[in-house]
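A.B. asks: Take the given structure of chain A and dock chains B and C to it, following the hints.
Residue numbers (the numbering used here), protein chains in the order written: chain A, 1 to 269; chain B, 1001 to 1368; chain C, 2001 to 2296.
Be a bit skeptical, because a hint or two may be false.
Examples of chain A residues lying across from chain C (beta carbon under 10 Å, computed) [as the list claims (entries may be wrong)]:
#1 P33
#2 M40
#3 V141
Derived list of chain C stretches under chain A, where covered just means 3 residues or more per stretch with a C-beta under 8 Å from a C-beta of chain A [as the list claims (entries may be wrong)]:
#4 2106–2120
#5 2126–2133
#6 2146–2153
#7 2235–2245
#8 2251–2265
No lab work stands behind these hints, which were simulated from the structure alone. Glycine included, each C-beta is placed from N, C-alpha and C at the ideal position.
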Amino acid sequence: MALPPASETQISHLGRLWLYLLAALVLIFLVAPVFVVVPMSFSDERYLSFPPESYGLRWYRNYFASLEWTQATVTSFKVALLVTLLATPLGVAAAYGLYRSTLKFSNTVSLLLISPLIVPVIIIAIGVFYLYARLNLVNTVPGIVLAHTILALPFVMVTTTSGLQQFDDQLERAAQSLGASRWMAVLTVTLPQLRGSIVSGALFAFITSFDEVVISVFIAGGENMTLPRRMFSGLRDQVDPTIAAISSMLIGLSILLLGLAVAFGRNSD
Amino acid sequence: MTRDAETHTERTAQAAPIAIENITKTYDDFHALDDVSLEIGAGEFLTLLGPSGSGKTTLLMVLAGFTRPTRGRILVAGEEMTGVPPHKRDFGMVFQNYALFPHMSVFDNIAYPLKLRRHPKAEIKREVGRALELVHLSHLASRRISALSGGQKQRIALARAIVFEPRVLLMDEPLSALDKNLREQMQIEIRALHDTLGITTIYVTHDQREALTMSDRIVVIDGGRVSQVDTPRALYDRPANAFVAGFIGESTLLPVARTNGGYTFQGRPLKTGRAVRPDAGQLVVRPEKLVFRDPGQEEDHNLFEGTLQSIVYQGDTLLARIEIGQGRTLLMRKTTHRDVLARLPEPGGEVALALHADDTILVEGGTA
Amino acid sequence: MIAIDEAPSDGRRAATLSAETREQWSMFGLALPALLIVGFLVFLPVGWLFGLSLVADGQPSLVHYRRLLEPAYLSIFTQTFQISFQVTAMALLLGYPLAYLLSQIPRKVAGLLMICVMLPFWTSILVRTYAWMVLLQRRGIINGWLIDLGLIDRPLSLVNNYTGTVIGMLHVMLPFMILPLYSALVKVDTSLMRAASNLGATPMRAFFTVFLPLSMPGVIAGTLLVFVLCLGFYVTPALLGGGRVIMVSMKIQQNAAMYFDWGAASALGVVLLAATALLFWVISRVTRIERLFGGS
Chain A
1 MALPPASETQ ISHLGRLWLY LLAALVLIFL VAPVFVVVPM SFSDERYLSF
51 PPESYGLRWY RNYFASLEWT QATVTSFKVA LLVTLLATPL GVAAAYGLYR
101 STLKFSNTVS LLLISPLIVP VIIIAIGVFY LYARLNLVNT VPGIVLAHTI
151 LALPFVMVTT TSGLQQFDDQ LERAAQSLGA SRWMAVLTVT LPQLRGSIVS
201 GALFAFITSF DEVVISVFIA GGENMTLPRR MFSGLRDQVD PTIAAISSML
251 IGLSILLLGL AVAFGRNSD
Chain B
1001 MTRDAETHTE RTAQAAPIAI ENITKTYDDF HALDDVSLEI GAGEFLTLLG
1051 PSGSGKTTLL MVLAGFTRPT RGRILVAGEE MTGVPPHKRD FGMVFQNYAL
1101 FPHMSVFDNI AYPLKLRRHP KAEIKREVGR ALELVHLSHL ASRRISALSG
1151 GQKQRIALAR AIVFEPRVLL MDEPLSALDK NLREQMQIEI RALHDTLGIT
1201 TIYVTHDQRE ALTMSDRIVV IDGGRVSQVD TPRALYDRPA NAFVAGFIGE
1251 STLLPVARTN GGYTFQGRPL KTGRAVRPDA GQLVVRPEKL VFRDPGQEED
1301 HNLFEGTLQS IVYQGDTLLA RIEIGQGRTL LMRKTTHRDV LARLPEPGGE
1351 VALALHADDT ILVEGGTA
Chain C
2001 MIAIDEAPSD GRRAATLSAE TREQWSMFGL ALPALLIVGF LVFLPVGWLF
2051 GLSLVADGQP SLVHYRRLLE PAYLSIFTQT FQISFQVTAM ALLLGYPLAY
2101 LLSQIPRKVA GLLMICVMLP FWTSILVRTY AWMVLLQRRG IINGWLIDLG
2151 LIDRPLSLVN NYTGTVIGML HVMLPFMILP LYSALVKVDT SLMRAASNLG
2201 ATPMRAFFTV FLPLSMPGVI AGTLLVFVLC LGFYVTPALL GGGRVIMVSM
2251 KIQQNAAMYF DWGAASALGV VLLAATALLF WVISRVTRIE RLFGGS
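Bound-form chain A, shown alone (with noise of 0.2 Å):
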C-alpha cells in the first residue's frame, strides 16, 4: 500500500526527501550542544576532547569538592526560589488585573511590565547597577532577587495572559451568580483554571533567574556569586572542565523543568 501524499497539493514524501533533511539537520544544529557537553563531562582526562577516550566522573567530583562552585550553587538556588515565589504572585496579580480591566491606560501598563523582556538587558543592568551603587545593594541577595523579579515577570504575566485569554469568562460570573463574591469567584473558579498557566510561568520564572548571566555579572558578585556568574567568570578566562559536569546538571535541570512544564501544560487541557 502506498503512503498517503505528503501534503495537500499530493507531493510524494520522496519528493519532499530535501525538506525532511533540512528540517533534521537544523533539528540536530539545535539540540546538538546537549549531545556533546553530556558524554564530555563523563571524561576521565585532563584536558577535554570529543569523544573522550576514557570515561569518569572527575569532574563532577571537582565539582562537589569545590566550595566555590557549590557556593555558587546554593546561592543561586536560593535567589531562583525566591524570584519564583515573588514573580509568580506579583505577575498573576498583575497579568489578572490588567486583563480584567477595561481602564484606557491598562494596554500601555501591560506593555511596560513585559518591556523587560523587550529592552536590551545590558541597559537594564546597567541601569540596576548604577541603581544599586547608590542603595548599597550590589552583590546582596535581595538586590540579585529583585533584579531577576523584573525580567521573570513578563513570563509569569504572558503565560497567565494566555491562559486567561482561553479561560471562559462566563465560568467566573457563573460561580457568582451561584453566589460567590468576585475574590472567592477568582480563587475557585478562575485561578484553579489557570493552573496550568501559572505553573509554566513559574517555571520560567525560576530557570529566567537560575540562568541570568548578564545582570548578574554586574551586580552578583563577591560572597553571593550566583553560578552563571561564575560560570561566565571561569569560560571568558580560561576553560575549567569542571564547567562541562555543571552544564551537564543544568541540562538535567532544564529537561526536568521543560517536562513539568509539558505535563501541567497538558493537565490544564
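C.D. replies: Same frame as chain A, now just chains B and C:
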C-alpha cells in the same frame, strides 16, 4: 399574569415578583436598553425574545447584576436590587455555554452554591441528590464535566442553578447549542420543571418557536425597547406592530389605503375584527389563516382572488404563492390533506381566497 | 408603576457609575506592586542614565553622542548590524523550512519535535555557548570531521572570532525565529493549497503564490524579533568572539564596568534602546508583542 402562575405563587413562598423600572443602559452614544419597564409576576415564566443585538441579553445581565444600568432600577419582591452585587442577589442562572466548572465533578458543580452558603455536608449531599433527580441524571454525580454530552451538561447547569432554591431563575439562550430534537425535548422538560418548582423564570431566546412553546408571556425586544408584551397566543394573533408581526411567524405585509372611517385594500373596504391603531398602513396576512373561499363568507371575511404561481410541497404542509394583481403576492399555507390538494388548481389557474375579519391585522407604516 | 422623580434617579446613577469605576481601579490596583518594582528598577534608572547621557562635566552637552560618530564607535555599530543581519537571515533560511514542516505534519509529532526546539530555549545560554566552544575549537569534532572527510587540510579557526560568534548566536536565535513562524504557519488554511492545486497550480507555484504570502506576518514578526534581540546581544559574542568581535552591548559593559564612563555608556544605551523601541514599534504593527513570547 396567567392563572397558572398565580397558583404557583400559593405553592412556593420563595417565588418573587420582579419590577423593572425605566432601565436604560448606554454605551457612549449607543442605547443598548432604552427606558425598559416590565412587571413580572411571582412564579411567571417570562421570555425575552428579540433578534441578536436587540438588548435582551443586556437586560438579563442587568437583572443578574453583571451590568449596571445607566438609569432605572430593579425591584425583587419590593426590594431594591439595582446596586446589589450578583452574588448577593440569590438568582439562579443558566448560561449559554452552560458554564460548568471543568475542574470539578458533576457533584461538586452542583454542590458549589451550597458550599458557599455553608450548608452542612449531609444536607449538601441530600440537596444535590434531589437536584440530580429532578433532571434525571442521578447516575452521573461523579462524572467529569468533559465526559458529559451537550444535553447532560444542559441539565447539570439547570440543576446547579436551582439547587440553592433561588428566588428567580435566569436563562440565557440555554438551548442554543443543542440540536433540534434535543432542544424540543428540553423545552418541554424545562417548562415542566418550572411548573414543579414555581420559580419566577426569565428566559432569553432568539427562537420564536421556543418562546411560543414555553412562555407564560413573551416580551419582544427590538433596538433596546420593548416592542410588545403579551401571551404567546395574543402575540401571534394580535401583533402590535410590523416588527412583531414580521419577527414572529410568517406573514405577508400589504399596504392599505385609509378612507374616511375605514381602510381599503385594492379598492375593497377591509373588515377588521378589532379596533385599529390610528397610524395603521399595512395589512398582515398569516399564510395559514387564508382559506379557500366558500359561499356566504362575504359577511365576515375579506376576499382576495388571483393566479396561483407556484406550490412548494414541504411534506406536512405546502406553501402556495398567489399573485393578486398590482405585483402583490399572497402566501398561503395548507396541510397536504387530499381535500386541500383537490381544491388547488394547476399553477396558472385562478384561486379565490378569504380571510376572516378577526384574523385581519393592521399595523403601522407603509402607506400606499 | 411607581413614579420616580428625577433627582434620586440621578443620584443613583452617580453611585452605580462610581461603583463601576471603583471596580475598574481595584482591578488595575492588582498590577500596582509589579508596576512599582519595574518602575523602580527599570524606568527610574534608565531615565537617570538618559539624563547622564546629556551631561558632561556638570553641563548639558551632546558630547557623548558626538563621540559615537567617531570611527571606533562607527565600526562597532557596523559590526553589530552586520552580525545581526547575517544571523537573522540565516535563522530565517533555516527556521522557515523547519517551521513549515512542523506546521504540515500531525500535531502530535510536531509537538514532540517542538521539544527539540524548546530544549535549547530552556537550557542556560552559558551551557550552549560552552558546547559551541568545545565543538568549534581547533581540535574539536567539527574540524575533526572536516579533515576526515578530506574537505580541509588544516583545522579552521571557527571560534574566538566572527564565525564562532555568528554560529553561537544563530543557535540561540533559531527558537525565537521558529516559534512565531510556527504559530503563523499553522494558522494558514491548508485547504487553500488544495484549492490552488485544483485551479491548476503546481505544488511549487501553489506554495509561492498562496502559502508564502499568507505566512508573511509570521515571517516579519520573527525576523524583526530576532534582529532586535541580536542588536542587544551580550553573552555569546563576549564568550565566542575571543575579543575580536565587539558589539554595542559589550562596549556598554566596558564603558560602565571598566572605565566607569557613565556618560558614554548611557549615550550608547540610549541609541540601542531607541533602535530596539523603533523595531518593536514596527513589530507591534504586525502582531501582538505578547504573542512572540509564547502567548496566544
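A.B. asks: Closer than 8 Å, Cβ to Cβ, for at least three residues: run that test on the stretch 2126–2133 of chain C against chain A and report holds or violated.
C.D. replies: With 8 residues close enough to chain A, the hint holds.
A.B. asks: Count residues of the stretch 2251–2265 of chain C with a Cβ under 8 Å from any Cβ of chain A, then say if the count reaches three.
C.D. replies: holds (count 6)
A.B. asks: Any CB of chain C closer than 10 Å to the CB of V141 of chain A?
C.D. replies: Where the cut-off is 10 Å and the nearest Cβ of chain C is about 15 Å from V141 of chain A, the hint is violated.
A.B. asks: A closest beta-carbon separation below 10 Å is what the hint needs, so does M40 of chain A meet it against chain C?
C.D. replies: With a closest approach of 6 Å, the M40 of chain A hint holds.
A.B. asks: Holds or violated: P33 of chain A as interface residue toward chain C, Cβ cutoff 10 Å?
C.D. replies: holds (3 Å)
A.B. asks: Examine the stretch 2235–2245 of chain C: at least three residues should have C-beta closer than 8 Å to a C-beta of chain A.
C.D. replies: Result for this restraint: holds, n = 3.
A.B. asks: Quick check: do three or more residues in the stretch 2106–2120 of chain C have a beta carbon closer than 8 Å to a beta carbon of chain A?
C.D. replies: The restraint on the stretch 2106–2120 of chain C holds, since 7 of its residues have a Cβ under 8 Å from chain A and three suffice.
A.B. asks: Quick one: see if chain A covers the stretch 2146–2153 of chain C, three-plus residues with Cβ-Cβ under 8 Å.
C.D. replies: violated (count 0)
Hint violations for this structure: numbers 3 and 6, all remaining hints satisfied.
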